[in-house]
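There are 2 protein chains.
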Amino acid sequence: MHTKRHIGYLGPNGTFTEQAAKTVFKENGSFDFNMYDTIRDCLFAANDKTLDYMVVPIENSIGGSVSTTIDWLVHEICVPIQGDIHLPISYELLTNNSQVNIADYEIIYGHPQALKQCAHYLRRCYEGVDLQPTESSAMAAQIVAENTERPALAIANRLTRQIYDLTVIDTGIENNLENTTRFIILGDEAIDLPSRTMKSTMVVSFPGNDLMVLRKVLGVFQTLSLSPLKIESIPMKRKLGEYVFIIDLDTTDENKAYKQACDDIRALKCELRHLGTYPSL
Amino acid sequence: MHTKRHIGYLGPNGTFTEQAAKTVFKENGSFDFNMYDTIRDCLFAANDKTLDYMVVPIENSIGGSVSTTIDWLVHEICVPIQGDIHLPISYELLTNNSQVNIADYEIIYGHPQALKQCAHYLRRCYEGVDLQPTESSAMAAQIVAENTERPALAIANRLTRQIYDLTVIDTGIENNLENTTRFIILGDEAIDLPSRTMKSTMVVSFPGNDLMVLRKVLGVFQTLSLSPLKIESIPMKRKLGEYVFIIDLDTTDENKAYKQACDDIRALKCELRHLGTYPSL
Chain A
1 MHTKRHIGYL GPNGTFTEQA AKTVFKENGS FDFNMYDTIR DCLFAANDKT
51 LDYMVVPIEN SIGGSVSTTI DWLVHEICVP IQGDIHLPIS YELLTNNSQV
101 NIADYEIIYG HPQALKQCAH YLRRCYEGVD LQPTESSAMA AQIVAENTER
151 PALAIANRLT RQIYDLTVID TGIENNLENT TRFIILGDEA IDLPSRTMKS
201 TMVVSFPGND LMVLRKVLGV FQTLSLSPLK IESIPMKRKL GEYVFIIDLD
251 TTDENKAYKQ ACDDIRALKC ELRHLGTYPS L
Chain B
1001 MHTKRHIGYL GPNGTFTEQA AKTVFKENGS FDFNMYDTIR DCLFAANDKT
1051 LDYMVVPIEN SIGGSVSTTI DWLVHEICVP IQGDIHLPIS YELLTNNSQV
1101 NIADYEIIYG HPQALKQCAH YLRRCYEGVD LQPTESSAMA AQIVAENTER
1151 PALAIANRLT RQIYDLTVID TGIENNLENT TRFIILGDEA IDLPSRTMKS
1201 TMVVSFPGND LMVLRKVLGV FQTLSLSPLK IESIPMKRKL GEYVFIIDLD
1251 TTDENKAYKQ ACDDIRALKC ELRHLGTYPS L
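If you're matching them up, the sequences are chains A and B in order. So the first sequence is numbered by my numbering: it starts at 1 and just counts up by one. So the second sequence is numbered by my numbering: it starts at 1001 and just counts up by one.
Chain A with its partners taken away, still in its complex shape:
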């Protein structure tokens, strides 16, 4: 008999991250799920090896990179990436059952990324209403559910609406209907995901912080037919103007070429850290 594997994710109940975690690790009794309050807590636990896998958001198509995740990946933790998963994100505007027929809502709660991803709608339909950031979308729903006397709205998802028994005011309120979030799975062992696409992620810094060396790095990829999927600069945290780059590559069937690329980039006197080669769902 196998012991249960421990899976961590960004809670509370009903987050998109929970959805991502339970898409990868099925609720079939093999896994024990643990929620964490903040991305910081998630990454701290992942680094401490208090569980087998941790699922956190890393990037959204509208809001951009989740800066805490990127920052910790590059500077603070050393657990490899074992997979990523892309999830379509759709938001609903919710209220509690006693506040349905209100003309003037006082306040709208939402995760900062959710407020950003729904900014056009909010400006059009709720101009001037106070926007209050919360730690997660689920937290926004919870506040509105618990304060039944207040004319307040929450931006959250369908799962959260069901958990907190809220009423829908509007759906699909995000700026762009192709809104997608990418989550990564951190852990020490490889995962078998039903995907043929393999990605690799590296962190590179250049000798003398000379950004022109990026041209040579891209030349290495070109020679080896490796396609970069993302190139992002992150501050080195020493002086303004010093950056490291986090680079995702498509390495489906190209694992040898990827290893060669790492060698060639190190030969350019770059510092390189490999963050993982993993299936992408």
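Possibly wrong hints are sitting among the right ones.
To be verified - Below, computed lysine-lysine pairings styled on DSS-like, alpha-carbon distance capped at 30 Å:
| id | chain 1 | residue 1 | chain 2 | residue 2 |
| --- | --- | --- | --- | --- |
| 1 | B | Lys1259 | A | Lys216 |
| 2 | B | Lys1239 | B | Lys1269 |
| 3 | A | Lys256 | B | Lys1256 |
| 4 | B | Lys1216 | A | Lys239 |
| 5 | A | Lys216 | B | Lys1269 |
| 6 | B | Lys1216 | A | Lys269 |
| 7 | B | Lys1022 | B | Lys1049 |
| 8 | A | Lys239 | B | Lys1026 |
| 9 | A | Lys216 | A | Lys269 |
| 10 | A | Lys22 | A | Lys4 |
| 11 | B | Lys1269 | B | Lys1216 |
| 12 | A | Lys4 | A | Lys49 |
| 13 | A | Lys259 | A | Lys49 |
| 14 | B | Lys1216 | B | Lys1256 |
| 15 | B | Lys1269 | B | Lys1259 |
| 16 | B | Lys1049 | B | Lys1004 |
| 17 | A | Lys216 | B | Lys1239 |
| 18 | B | Lys1256 | B | Lys1239 |
| 19 | A | Lys259 | B | Lys1216 |
| 20 | B | Lys1022 | A | Lys26 |
| 21 | A | Lys259 | A | Lys216 |
| 22 | B | Lys1049 | B | Lys1026 |
| 23 | B | Lys1256 | A | Lys216 |
| 24 | B | Lys1216 | B | Lys1239 |
| 25 | A | Lys259 | A | Lys269 |
| 26 | A | Lys22 | A | Lys49 |
| 27 | A | Lys49 | A | Lys26 |
| 28 | A | Lys256 | A | Lys239 |
| 29 | B | Lys1022 | A | Lys239 |
| 30 | A | Lys239 | A | Lys216 |
| 31 | A | Lys216 | B | Lys1216 |
| 32 | B | Lys1004 | B | Lys1022 |
| 33 | B | Lys1259 | B | Lys1216 |
| 34 | B | Lys1004 | B | Lys1026 |
| 35 | B | Lys1049 | A | Lys22 |
| 36 | A | Lys269 | A | Lys256 |
Quick caveat, the hints were computed from the structure, so don't treat them as lab data.
Given chain A, put chain B in place with the hints provided.
Here is chain B on its own, set in the frame of chain A:
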């Protein structure tokens, strides 16, 4: 007689942005200063031409890019950059005079970037104390000044301490003593800054979103002896994996070469928007 020029900046009283604004535009009676509550309000006002110049933070050496500023520059507004200024940032831990000799502080207020920039110190000396984000450092100081009965701390600067008459608990608490913030000045007319260094900023997107075209763009800079100072990817806001790049170049004495570079990059079928050529202080 000249009419006064209107200068906007991110308030309230005592912000680093105020310090930046008043370093560029002296308090000699020629300027009328206006404070705005949020970066969003600042950029909205700049775009509406309700004033002559607007000063906002764009980047910190530890916290990285100020995502609202970058986002609006790339996607929402079209006012050129007329200058930038780098300011050393140093934080103090402050309390009000009736809470000086306290062993257990309950809460620490600070701007999210300030909390990030002082994270090492806070973990070392105030592990477990509640950290509460505020809209600005000055706001943190104001809350602590107004709640004299509460054992609370604020992370703010020297200017703010003087304005709110607070007491210093500790100084120089940032992770890195070379902590610097860069501010930009937006407006329609050039400014005469006492600086020989000129910078140019462009926003570029690649045909077919092919990141490998960045190699050719860097090749154009190399041929024309232009040095990139910053290369940052920003989500296109359509689909995950589509990025535009914001690139700063050193164009001191190289204005002709910069114009040539713009032409050559457009010839690669890239979309290019010029955000400004300006003195850097």
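Hints, one by one, checked against the model:
1. B:Lys1259 x A:Lys216: This hinted pair holds, its Cα atoms lying about 24 Å apart.
2. B:Lys1239 x B:Lys1269: Roughly 20 Å separates the two Cα atoms, so the pair holds.
3. A:Lys256 x B:Lys1256: 44 Å, violated
4. B:Lys1216 x A:Lys239: 28 Å, holds
5. A:Lys216 x B:Lys1269: 22 Å, holds
6. B:Lys1216 x A:Lys269: With a Cα-Cα distance of about 22 Å, the restraint between Lys1216 of chain B and Lys269 of chain A holds, given a limit of 30 Å.
7. B:Lys1022 x B:Lys1049: 20 Å, holds
8. A:Lys239 x B:Lys1026: With a Cα-Cα distance of about 27 Å, the restraint between Lys239 of chain A and Lys1026 of chain B holds, given a limit of 30 Å.
9. A:Lys216 x A:Lys269: With a Cα-Cα distance of about 11 Å, the restraint between Lys216 of chain A and Lys269 of chain A holds, given a limit of 30 Å.
10. A:Lys22 x A:Lys4: 15 Å, holds
11. B:Lys1269 x B:Lys1216: Judged against 30 Å, a Cα distance of about 11 Å means the pair holds.
12. A:Lys4 x A:Lys49: 15 Å, holds
13. A:Lys259 x A:Lys49: Holds - the C-alpha atoms of Lys49 of chain A and Lys259 of chain A are around 27 Å apart, at most 30 Å.
14. B:Lys1216 x B:Lys1256: Satisfied, since the Cα-Cα distance of roughly 19 Å is no more than 30 Å.
15. B:Lys1269 x B:Lys1259: At roughly 16 Å apart (the allowed maximum being 30 Å), Lys1259 of chain B and Lys1269 of chain B satisfy the hint.
16. B:Lys1049 x B:Lys1004: The given pair, whose Cα atoms are some 15 Å apart, holds under the 30 Å limit.
17. A:Lys216 x B:Lys1239: The given pair, whose Cα atoms are some 28 Å apart, holds under the 30 Å limit.
18. B:Lys1256 x B:Lys1239: Violated, at about 36 Å.
19. A:Lys259 x B:Lys1216: 24 Å, holds
20. B:Lys1022 x A:Lys26: 58 Å, violated
21. A:Lys259 x A:Lys216: Within the cut-off at roughly 17 Å; holds.
22. B:Lys1049 x B:Lys1026: 21 Å, holds
23. B:Lys1256 x A:Lys216: 26 Å, holds
24. B:Lys1216 x B:Lys1239: Satisfied, since the Cα-Cα distance of roughly 24 Å is no more than 30 Å.
25. A:Lys259 x A:Lys269: Holds, at roughly 16 Å.
26. A:Lys22 x A:Lys49: Holds. Lys22 of chain A to Lys49 of chain A sits at ~20 Å (cutoff 30 Å).
27. A:Lys49 x A:Lys26: Given that 30 Å is the threshold and the Cα spacing comes to 21 Å, the pair holds.
28. A:Lys256 x A:Lys239: 36 Å, violated
29. B:Lys1022 x A:Lys239: 24 Å, holds
30. A:Lys239 x A:Lys216: Distance ~24 Å between Lys239 of chain A and Lys216 of chain A Cα, so the pair holds.
31. A:Lys216 x B:Lys1216: 11 Å, holds
32. B:Lys1004 x B:Lys1022: Since the Cα atoms of Lys1004 of chain B and Lys1022 of chain B sit roughly 15 Å apart, the hinted pair holds (cutoff 30 Å).
33. B:Lys1259 x B:Lys1216: Within the cut-off at roughly 17 Å; holds.
34. B:Lys1004 x B:Lys1026: 12 Å, holds
35. B:Lys1049 x A:Lys22: 49 Å, violated
36. A:Lys269 x A:Lys256: Status holds; Cα separation ~21 Å.
The structure fails to meet hints 3, 18, 20, 28 and 35 from the earlier list, while all remaining hints are met.
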